[in-house]
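Novice: Could you put together the complete structure from these sequences and hints?
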Amino acid sequence: MTAEAAQLSKSQLAFRVVHDRIVDGTYPPGQRLVLDAIGTELGMSVVPVREAIRRLEAEGLVTFERNVGARVAEIDEHEYWDTMETLSYVEGAAAHVAAPYVTPAAVARARELNAQLRGMLDDLDPVAFTRTNELLHRTLTDPCPNAHLRDLVDRGWRRLARLRASTFSFVPARAAESVDEHDRILDLVEAGADALEIELAVRAHRLATPNAYLRRAPQDGAAHRQEHR
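Read in order, the letters of the sequence shown correspond to residues 227 to 455 in the numbering used here.
Hints listed in this document are in silico derivations from the structure and should not be mistaken for laboratory results. Accuracy of the hints is not assured; some may be wrong.
[Stated by the list, open to error] Calculated pairs, EDC-like style, for lysine to aspartate or glutamate (alpha carbon to alpha carbon, straight line, at most 16 Å):
| no. | residue 1 | residue 2 |
| --- | --- | --- |
| 1 | K236 | E277 |
| 2 | K236 | E267 |
| 3 | K236 | D262 |
[Said to hold, decoys possible] Just the calculated beta-carbon pair ranges, DEER-fashion:
| no. | residue 1 | residue 2 | range |
| --- | --- | --- | --- |
| 4 | A373 | D349 | 32 to 42 Å |
| 5 | W307 | T266 | 37 to 47 Å |
| 6 | D368 | A417 | 18 to 28 Å |
Please read all numbers here as calculations on a predicted model, not as lab measurements. Cβ atoms here follow ideal geometry from the backbone N, Cα and C, with glycine treated the same way.
Specialist: Encoded structure:
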């Protein structure tokens, strides 16, 4: 147990563990969560686990079914697409407005982050990949002088996190494509390309992930759920 984990309450620790397993795909959509088993694994009673599960339910990651108990919530594909589509527009617009304000140092930082992402591809940790990916994206939108646009981007990221922190666990091949697309977008920014061209590249990049997720074979998810039962 890390020093940070040792400072958490039992309920907080249970929340952290179950939350991370849901978002990285260890607990796939639809999987039943056996509270006694989780408590035994973590060395605690079922009470703090139940508190953690209730908190996850409030965040939309867990559902309760009569006579069944807790299950990992299914991803609402329509809401996921709507969120990603909206974020593609506002993030693209923010990148458009921010383009003249993105410094060489910011581009260098973004390339450093993309190199980290590339280094993660051989042993993909979807949650860590997604966190670093967000940091990279924000290097292109944080310089946007329009505070309202930045707020809309923030809201999109938060809404996306509530739906599911990472979809790369479901479409891992998409991660390598995403890294290559980052390079092309950064090339445009560094070359001082037209801001509209940058906006369209960011928008297409953002929509490529939900497109890949929705195109995945339906039976893949069912098989993945069976493996974890």
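Novice: Are any of the numbered hints broken by this structure? If so, which, sorted upward?
Specialist: Hint check: nothing fails, all pass.
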